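> Sequence:
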Amino acid sequence: MTEKNGETSRRLIDVTLDESTIVRWSNDVDHERRVAIFDLLEHNHFDPVIALPNDYEGPFRLHLRVEEGRLLFELSDEAGNFLESFRLPLTPFRRIIRDYFTVCDSYFQAIKTASTSQIEAIDMGRRGLHNDARPF
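According to the working numbering, the sequence shown is numbered sequentially starting from 12.
Bear in mind the hints are in silico, worked out from the structure with no lab data behind them.
For clarity, every value in this text was computed on a predicted model and none was experimentally measured.
Even glycine gets a Cβ: it sits at the ideal position worked out from N, Cα and C.
Check the hints yourself; a few may be wrong.
[Claimed, not checked] Pair ranges (Cβ atoms, derived): (1) T102 - K123: 14 to 20 Å; (2) V40 - R106: 29 to 35 Å; (3) P103 - L63: 20 to 26 Å; (4) G80 - T127: 38 to 44 Å; (5) I107 - S37: 40 to 46 Å; (6) S128 - T27: 32 to 38 Å; (7) P100 - K123: 17 to 23 Å; (8) S128 - T102: 17 to 23 Å; (9) G91 - R44: 17 to 23 Å; (10) L52 - L99: 16 to 22 Å; (11) I107 - A62: 25 to 31 Å; (12) N92 - D116: 35 to 41 Å; (13) I130 - N92: 19 to 25 Å.
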């Protein structure tokens, strides 16, 4: 594993979403999506367990899109040169995604009128769903 400026090269430096496959829920959800990507890029370790050209170690650019009911991960190098792609079926994530959007909708409604403790409880539920999705 190589290091650049004290940071491991096995990391994501960019995550983009295919605009044609993104469901537009609301401005709040779009904001949440941007914040999630920012948080992901802030401190990450990305070590894909797939064969990469010339044992490439990163850093990586990741482009995500939905294709034929699957989530397509397209990896590129730092300069944007394509390295590899792989797909994951979305079926195992359907319940978590549905629950996540329900909790997010509750959160966005709550921040308009609810008490701080109610907002914190909803946010804890949202974080719990993040944790539920980690084993996938």
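> Going back to the hint list, which numbers does this structure go against?
Hints 1, 2, 5, 7, 8 and 13 contradicted; others consistent.
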